[in-house]
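Asks: If you want the building blocks of each chain, they are given just below.
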Amino acid sequence: MDILLSMHCFECLGEYFLYDIESGALHVVDRIVYDYLQGDISCYSKNQIDEVIDELQQLTDNGLLYTNPPQVPRQIKERVIKSLCLHVSHDCNLRCKYCFAGQGAYHGDRLNMSIDIALASIDFLIANSGTRHNLEVDFFGGEPLLNLDVLKKTVEYANAQGAIYNKQFLFTTTTNGLLLNKETSDYLNQTMENVVLSLDGRKSVNDELRVTAGNKGSYDLIVDKYRYFRSIRGNKSYYVRGTFTALNLDFCADVLHIADLGFDQISLEPVVLSKGDVLEIRQEHLQTIFRQYEILAKEYIERRQNGRWFSFFHFVLDLENSPCYKKKLSGCGAGVKYLAVAPNGDIYPCHQFVGEKEYCMGNVQSGVIDESIRDIFASTDLTTKPKCASCWAKYHCSGGCNANAIHFNNDISVPYEISCEIFKKRLECALYIYSKAHE
Amino acid sequence: MKHIKTIANPKHNCINPKSGCDECRSSCQSACKTSCTVGNQVCEQKKKEQQ
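Top line first, the protein sequences correspond to chains L and F.
Everything in the first sequence is counted per our numbering, starting at 150 for the first residue and increasing by one.
Everything in the second sequence is counted per our numbering, starting at 47 for the first residue and increasing by one.
Okay, chain F solo, but in the shape it has when bound (with noise of 0.2 Å):
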C-alpha cells in the first residue's frame, strides 16, 4: 500500500480456549502501585508457548 504500513496485527481480542486463565501478575504489583496498566503485560500462556 502507498499511504499506509501496518506494523502490528495482534488481534487481540480474539476469544480462545486458554484465554482467561489468569496466571498474570495483578498489574499493580509490578511498579506503579498509582495506576492500572494491564497493556504492557504479557500473557502468560503466550510466554509458555514462546519457551
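Same shape as in the complex, but just chain L (with noise of 0.2 Å):
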C-alpha cells in the first residue's frame, strides 16, 4: 500500500488535520507534523522532528494512520429495490431557469400521474423489495402538488399495504412551495419523513432564476408558506434546499439569510448544467467556491455556539457512526436499488434519467425491468472507478453521481470532475467542524 494514498493532510481555517481514509480517523496536528508530511523540514530541529516520526508511529501501532481497506470480495448488488422517485406530475407552476427537468416536463408532455399508475408504483416496490423493511417514496416532478389527490391516495395505499407486507413507507415530498396552503402544510407534516422545500436564498438571487410562467419571481410567494410548515414542523425532518449558480458565487451570503429567515435546515446545492450554459459552474469558480465555503464554516460555529444554531446538509458528518462498508462502495443505488418512475409508469435509473427514451428500463404496470441496463449500475461501485481509488473522499461521496458521470463523461466510472472539487473542499470544511464540535 502507498501510505501517501492512504492518509490526507490538510489545512483549513488556519489549522491543519490528518484523516486517515480507510479507517476515518481524524487527527488534528501541529505546523511541524503538516511540514513534515508535505517534505518540508529544513527549518526545524532534529529533536522536534523525531518527535514528529515517534507520534506518528504510535498512531500506525493503534490502527489510526495508514490502516489497510478491509479484504472482503467485491459484492456484485443485489437486485432488491427499496426506493422510488414518483413523478406524480410531469407539470410545473414555476419555469425555473436551470431546471434539468426542461421545466418540469422532462422534454415530454406536461401530464400528472394517473391514480392506477401510482398504486402500481407502490405494488411494484412491494413486489421486489425481498426482505427489505423501510420503503422510500419521493413524491417528485415537476410540482408534485399539483397531483395532490393522487399523492394522498398513494401515501394512504402504501401504508395500508406496508401494514399487510410488513414495510414502513417513509415519504418524501419535494415542492416549490406555492400551491402550499395551510391544510397541505398540515398533511405533509403528518405523513412526510421529509419534506423539501424550494428557495435559493435571498430574494434577488430566488427571483432572479425561479420565476412563475408569467415571470414573476416566487420569493414572495413562497417564504410565509414556509415559515408556516416550519412552525408545525417541531424537530421532524424538513430542508428549505436551493442551488446556487455561475450567478450567485457569493452563496454563503444565501444559506445565512435562509437560516436568518428562521430555517434551521438547509441544503444549497451547486448547479449542474451542461457545458456552455451561462449558469454552470466552471473551474475557473472553483476558488472563490472553496472560499465561500470556509467563510460559511467559521459562521456556522459561530452561530452554533451562540445561540443560532441551524444545519447545513453537506456540512452534517457523523464520523463515528457512518454507514458500513458496503454502503460505502454501493453509494446511492440508483439503477437498482432506488429507480424513478414517470407519470406514464416508465422506469428509469433515477429521477436524472426521466425522459431518456435509452435508458427506459420498463413499466411498473408490466413489472418487468430491463435487466441489461441494470447490469451497468449493478456492476458498477466505488472499486469499478478508477480516478476514485486514489481519492481521499471516496468513502463519503461513494464515487459520485452516476448520472453526472454518464452526463458529462458518458462513462458511469469517470467521476464528474467539478463536483468532486466541490465535494472534496466542503468535507474539508465538515472535518474542520467535527473537529471544533469534539475537541
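One thing to keep in mind: the hints can contain errors.
[Unchecked claim] Derived CB-CB ranges, DEER-like:
1) 88/F to 256/L: 28 to 38 Å
2) 88/F to 524/L: 27 to 37 Å
3) 94/F to 338/L: 23 to 33 Å
None of these hints come from the bench; they were simulated from the model.
For every residue, glycine included, the Cβ atom is placed at its ideal position computed from N, Cα and C.
Combine the two chains into a complex, taking the hints into account.
Replies: Quick look at the structure:
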C-alpha cells in the first residue's frame, strides 16, 4: 500500500488535520507535522522531527493511521428495490431557468400520473423489495402538489399495503411551495418523513431564476408558507433546499439568509448544467466557491455556539456512526435499488434519467425490468472507478453521482470532476467543524 | 502526544455481521438530488443501538 494514498493531510482555516482514509480517524496536528508530511522539514530541529516521527508511529501502531482497506470480496449488488422517486406530475407552476427537468416536463408532455400508475408503482416496489423493511417513496416532479389527490391516495394505499406486507414506508415530498396552504402543510407534516422546500436564498437571487410562467419571482409567494410549515414541523426532518449558480458565487450569503428567515435545516447545491450554459459552475469558479465554504464554516460554528443553531446538509458528519463499508462502496443505488417512475409508469435508473428513452428500463404496469440497463449500474461501484481509488474522500461520496458521470463523461466510471472538487472542499470544512465540536 | 490530538477513531470500515442490512436511506432521497452523499448518513443499526 502506498502510505501517502492512505491518508489526507490538509489545512483549513489556519488549522492542520490528518485524516486516515480507511479507518476514518481524524487528528488535529500542528504545523510541524503538517510540514513534515509535505516533505518540508528545513526549519525544524532533529529533535522536533524525531518527536513527530515517534507520534506518527504511535498512531500507526494503534490502527489510527496508514490503515489498510478491509479484505472483503467484491459484492455484486442485490437486485432488490427499496426506493422509488415517483414523478407524480410532469407539470410545474414555476419556470426555473436552470431546471434539469425542462421546466418540469422532462422534455416531454406536461402530464400528471394517474392513480392506477401510482398504485401500480407501490405494488411494484413491494413486490421487488425482498426482505427490506424500510421503503422510501419520494413524491417529485415537476411540482408534485399539482397532483395532490393522487399523492394522498398513494400514501394511504402504501400504508395499508405496508401493514399487510410488513413494510415501513418513508415518504418525502419535494415542492416549490406555491400550492402550500395550511391544510396541505398540515397533511405533509403528518405523513412525510421528510419535506424539501425549494428556495435559493436572497430574494434577488431566488427571483432571478425561480420564476412563474408569467416571469414573476417566487420569493414573496412562498416564504411565509415555508415559515408556517416550519412552525408546525417541530423536530421532524425537512430541508429548505436551494441551488447556487454562476450568478451567485457568493452563495454563503444565501445560506445565511435562509437561516435568518428562521429555517434551521438547509441545503444549497451547486447547479449541474451542461457545458456552455451561462449558469454552469466552471473550473475558474472553484477557488471562489472554496472560499465561500470556508466563510460559511466559520459562521456556522459561531452561530451554533451562540444560540443561532442551524444545520447545513453538506456539513453534517457523524464519523462514529457512519454507514457500513458495503453502503460506502455502493452509493445511492440508482438503477438498482433506487429507481424513478415517470407519470406514464416508465421506469428509469433515477430522476436524472427520466425522459431519456435509451435508459427506460420498463414499466411498473408490466413489472418487468430491462436487466441489461440494470447491469450497467449493478456492476458499478467505488471499486470500478479508477480515479476514485486514490481519492481521500471516496468513502463519503461513494464515487459520486452516476448520472453526472454518464451525462458529462459518457462513462459511468468517470466522475464529474467539478463536483468532485467541490465535494472535497466541503468535506474538509465538515471535518474542521467536526473537530471544533469534538475537541 | 505533543504534536497530534486524535478527534475521532471510528474504525468506520470494520466488517461486522450486521453490516450491509441496507435499511438506511438512499443517499439521494434526502435533500440533494444532484449529488451522492453517503458520508453524512447514520447507520440504521447504530441508530437502533442508541435508542
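Asks: Quick one: which hint numbers does this structure break? Sort them smallest to largest.
Replies: none
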